[in-house]
Structure formats: C-alpha cells, structure tokens
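Going down the list, the protein sequences come from chains A and B.
Take 1 as the starting number for the first sequence in this note's numbering and just add one per residue.
Take 1 as the starting number for the second sequence in this note's numbering and just add one per residue.
In short, the hints are calculated from the structure, not lab data.
These figures come from a predicted structure and were not determined experimentally.
Each hint should be verified, as a subset may be incorrect.
[Said to hold, decoys possible] Cut-off 25 Å, straight-line C-alpha distance, at most; resulting in silico cross-link-like pairs (DSS-like, lysine-lysine):
| id | chain 1 | residue 1 | chain 2 | residue 2 |
| --- | --- | --- | --- | --- |
| 1 | B | K11 | B | K248 |
| 2 | A | K111 | B | K121 |
| 3 | B | K12 | B | K176 |
| 4 | B | K180 | B | K247 |
| 5 | B | K107 | A | K111 |
| 6 | A | K142 | B | K180 |
| 7 | B | K176 | B | K228 |
| 8 | B | K2 | B | K228 |
| 9 | B | K121 | B | K180 |
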Amino acid sequence: MYFDKTQFIESEAEFPEKVVGKFMESFSIATEGLAELRVSAMGASDRIIHMLGPFPFQFDLSLSSPYLAGYSYEVLYFGYDLSLYPVTYIVNGDIASSVGINTNPFLSGAKLVASSEQDFTKSLEEILSCAHFRATVGGLMKIARNRS
Amino acid sequence: MKLLFWNLQGKKPLDEAAELIHEVDCDIAAFCECSDDFAADVQVQLNALYSKGYRHQETPGCNRIKVLVRDALNSISLLNQHKYFSLMLLKQGAQRLILAFVHMPSKLHSGEDELRSLCEKLTHQISAEEMANDVQDSLVIGDFNVNPFESPIISFSGLLATNSMDCVERDQWTRKGDTKRVFFNPMWSLYAQHLHQPGSHHYRRLTEDVIEWHFLDQVIIRASLISKFSLPDLRLVDSTTRFSFRKKSGKPFVSDHLPISCRLNLAGGI
Numbered sequence: 001m002y003f004d005k006t007q008f009i010e011s012e013a014e015f016p017e018k019v020v021g022k023f024m025e026s027f028s029i030a031t032e033g034l035a036e037l038r039v040s041a042m043g044a045s046d047r048i049i050h051m052l053g054p055f056p057f058q059f060d061l062s063l064s065s066p067y068l069a070g071y072s073y074e075v076l077y078f079g080y081d082l083s084l085y086p087v088t089y090i091v092n093g094d095i096a097s098s099v100g101i102n103t104n105p106f107l108s109g110a111k112l113v114a115s116s117e118q119d120f121t122k123s124l125e126e127i128l129s130c131a132h133f134r135a136t137v138g139g140l141m142k143i144a145r146n147r148s
Numbered sequence: 001m002k003l004l005f006w007n008l009q010g011k012k013p014l015d016e017a018a019e020l021i022h023e024v025d026c027d028i029a030a031f032c033e034c035s036d037d038f039a040a041d042v043q044v045q046l047n048a049l050y051s052k053g054y055r056h057q058e059t060p061g062c063n064r065i066k067v068l069v070r071d072a073l074n075s076i077s078l079l080n081q082h083k084y085f086s087l088m089l090l091k092q093g094a095q096r097l098i099l100a101f102v103h104m105p106s107k108l109h110s111g112e113d114e115l116r117s118l119c120e121k122l123t124h125q126i127s128a129e130e131m132a133n134d135v136q137d138s139l140v141i142g143d144f145n146v147n148p149f150e151s152p153i154i155s156f157s158g159l160l161a162t163n164s165m166d167c168v169e170r171d172q173w174t175r176k177g178d179t180k181r182v183f184f185n186p187m188w189s190l191y192a193q194h195l196h197q198p199g200s201h202h203y204r205r206l207t208e209d210v211i212e213w214h215f216l217d218q219v220i221i222r223a224s225l226i227s228k229f230s231l232p233d234l235r236l237v238d239s240t241t242r243f244s245f246r247k248k249s250g251k252p253f254v255s256d257h258l259p260i261s262c263r264l265n266l267a268g269g270i
C-alpha cells in the first residue's frame with residue numbers, strides 16, 4: 001500500500017483544554033482577579049479515583065484564588081483520546097444539579113459526553129453560568145477580597 | 001484545641017447551640033443541616049450573651065457544613081471544598097494540621113458502596129492536601145452517615161480507619177501494590193461508655209438490620225495525632241446547664257443527633 005498526503009488530514013478541532021482555556025481569561029477579569037479557573041493534567045491516582053475512563057489525556061478544571069493559596073473546588077474532569085472529540089467529562093454534583101442534570105452518586109457528579117468542540121463549548125457556558133457556580137464564585141470573591 | 005460537631009436536623013435551636021458552644025468552650029464548632037443565617041445568629045448570640053467572639057468561616061463550594069471559629073484562632077485557611085466535605089489547614093506555631101469537616105449523604109438516599117466511594121475520594125483528597133502542604137496530622141470530624149464498623153469507614157478502599165492504637169507503630173498499609181496511611185477511630189471507646197444506647201443517633205431500619213443506635217457522628221485521626229488526642233475528652237454531649245439533648249427515653253431531643261466534642265493537645269496552647 002502506498003500512502004500519500006491526501007489520505008491523512010490533521011484535525012482542525014481545538015484541544016478540549018484550550019476550549020476550557022478560552023473561558024479562563026474573561027473569568028479572571030470578571031472576578032476582578034479574585035478568582036481563577038485552573039486546568040491541570042490529572043495524575044495516575046486522580047485518574048483511578050475519579051473514574052473518568054481509560055483516556056490518555058485527562059484534566060481537571062478547578063476554581064481557585066490567588067489570595068487563598070490552598071483553596072480549590074473541582075468544577076469538572078474531562079478526558080479524550082487521540083481523536084480529541086468526543087470529550088467525556090464529569091461535572092461536579094452540585095453544579096450538575098443546578099444545571100438540571102441527574103447525578104451519579106458513585107461519581108459525585110454527572111458523566112457527560114460532548115461530541116464536538118461546539119457542543120463542549122455550549123455545555124461549558126451552561127456550567128459556568130449556573131446558579132450554584134455563580135454563588136460559589138461569589139462566596140470565594142468575598143473571602144478573597146478580604147485577604148487581598 | 002476543642003472541636004464540636006452537631007447535626008441540627010434542619011432545626012434552629014439558637015439558645016441551645018450558643019450555650020453548648022459556650023460551655024464546651026470549643027475553638028471550632030461545625031454544624032450540618034444548618035443555614036448560613038442560623039450560623040450567623042449563633043455567632044451574634046455568643047457575643048451578646050457570653051461575650052465570646054466567633055466568626056463564620058465561609059466554605060464556598062461546600063454548603064452542607066457551617067463552621068464557626070473562635071476569633072483568636074486566626075490561622076485557618078481553606079483547602080479543597082467538596083459537596084460533602086470541607087478541608088482546612090490550621091497553623092499554630094510549628095503545628096500544622098489538616099481539619100476535614102464532613103457531612104456524607106444519608107443511607108436513605110445512598111447505598112453503602114456509594115458512601116464507600118465518597119470516603120475513598122475524601123481519603124484521596126486528604127492525602128493530596130497532606131502532601132501539598134507537607135502535613136502529617138489530619139483530623140476528620142462530622143456526620144459520616146455510617147457506623148465505625150461499616151465498610152466505608154474500615155475498608156482499604158474507604159477511609160481505612162482502624163480501631164487499633166497499634167497503628168502508631170505502623171501507620172501505612174499496602175494492598176495489591178497500593179499504599180495508604182491509616183486513620184485511628186477513637187469512637188470505638190465510646191461503645192464502652194454508652195453500653196445501653198451506643199450511638200449519637202437513633203434510627204430503626206425495619207427491613208435492613210436490627211441496629212437501632214448509630215455512631216454516625218464521628219472523629220477520626222491520623223495515627224500521628226493519637227498522642228495529642230485526649231480520649232477522656234471525646235464525648236457525646238447530653239446536656240448543658242439549661243438544656244437536655246436527650247428525652248427521658250435517652251433518644252436524642254432538640255435534634256435527632258447528639259453533639260460530639262473532642263480535644264487535641266496541641267503545642268502553643270490552643
């Protein structure tokens with residue numbers, strides 16, 4: 001068999017962590033720098049505990065604050081394979097309930113699948129604007145401002 | 001340092017809670033099934049009636065637990081916050097301690113395997129925070145919604161909380177290549193003190209089993225804290241000067257859980 005350049009096309013889809021990253025800058029501005037969203041690659045033990053699946057690329061998205069060094073609040077975990085999409089993600093239980101999604105008690109959250117970059121973006125918009133997330137960020141901002 | 005925990009069952013016993021905190025003279029009081037407004041009211045009452053200053057330590061992300069901290073204790077910082085637990089770091093001189101306040105879901109809504117899975121997450125998070133903050137000592141207090149002898153508390157894949165003080169000599173266990181630090185569960189000592197009604201909560205599950213009294217409210221500690229933990233000061237609080245928290249039958253009154261308190265002898269005098 002002979003391969004030529006027309007047989008393989010590099011994916012044009014954005015990495016899911018970069019899709020998440022697009023929200024991070026405006027979030028920091030919106031919270032006056034008091035709260036931040038942080039994406040981190042998940043280690044081996046985290047992967048076992050959070051039961052996302054056998055994805056080679058796994059990350060967590062958490063809420064933190066530059067003024068509260070140790071504070072963290074997991075928003076979601078997401079993972080994908082070489083095809084980038086679909087991306088599988090587990091949304092924090094309280095946030096999932098706030099969005100109106102049923103949760104799985106074993107996962108302390110709701111496991112979802114986004115088939116495309118657009119679907120993932122749309123779902124993130126919903127997650128990051130739900131009442132529970134906004135209330136949590138509001139509480140964090142209040143404490144952080146007191147420490148700033 | 002004294003700690004107090006009470007599941008309020010959604011009730012608002014303001015005078016009782018304020019007198020309880022005053023008489024136990026705790027440094028940290030944690031409540032669950034309690035609103036922010038109630039915690040604020042208790043704070044005001046403590047100041048007004050007993051001239052005691054406490055602040056409400058907000059825990060954004062963990063709404064199930066409300067924590068009041070004595071004003072003098074100003075070195076507490078927030079760590080990971082989860083729907084079912086709130087982790088904090090206490091620094092006092094050279095002493096660094098991780099405090100975890102928990103309110104696990106009720107067995108009415110969750111199976112034992114689900115609770116075990118949550119306990120595994122809690123253990124994992126505490127271990128991660130211990131490593132990140134270079135801390136050896138951790139204490140977990142709250143409503144675990146399981147007894148000290150049940151799988152979520154004792155199993156390797158749960159909290160791995162033993163009833164043996166021998167864990168001082170061996171505080172790590174390895175199973176199938178995975179190594180974990182154990183917790184010591186001092187609650188077992190309370191079974192001997194409450195022979196007839198061994199528990200902080202009375203509930204008769206007609207179909208599940210015949211256990212009626214449950215120690216759902218517990219304190220567990222890392223083995224490294226055993227020497228600092230005062231076993232005689234671990235107790236269910238039955239009453240204060242003006243209020244009884246038990247009916248004549250012995251069953252909890254005011255709330256369907258009894259308050260629990262404990263003491264750590266930390267360097268620096270807190």
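To see whether the hints hold, each was checked on the structure:
Distance restraint check for K11 (chain B) and K248 (chain B): the Cα-Cα separation of roughly 20 Å lies within the 25 Å cut-off, and the hinted pair is therefore satisfied. For a cut-off of 25 Å, the pair hint linking K111 (chain A) to K121 (chain B) stands: about 16 Å separates their Cα positions. Under the criterion of a C-alpha separation no larger than 25 Å, the hint pairing K12 (chain B) with K176 (chain B) is inconsistent with the structure, at around 48 Å. Restraint check: the Cα-Cα separation between K180 (chain B) and K247 (chain B) comes to about 42 Å, which exceeds 25 Å; the hinted pair is violated.
Proposed proximity of K107 (chain B) and K111 (chain A) is supported: the alpha carbons are some 22 Å apart, at most 25 Å. Restraint check: the Cα-Cα separation between K142 (chain A) and K180 (chain B) comes to about 36 Å, which exceeds 25 Å; the hinted pair is violated. A threshold of 25 Å between alpha carbons decides the hint, and for K176 (chain B) with K228 (chain B) the separation of about 32 Å lies outside it, so the pair is violated. For the proposed pair K2 (chain B) and K228 (chain B), the alpha carbon gap of about 12 Å is at most 25 Å, so the pair holds.
About 13 Å separates the Cα atoms of K121 (chain B) and K180 (chain B), which keeps this hinted pair within 25 Å; it holds.
Comparing the model with each numbered hint stated earlier shows that hints 3, 4, 6 and 7 do not hold.
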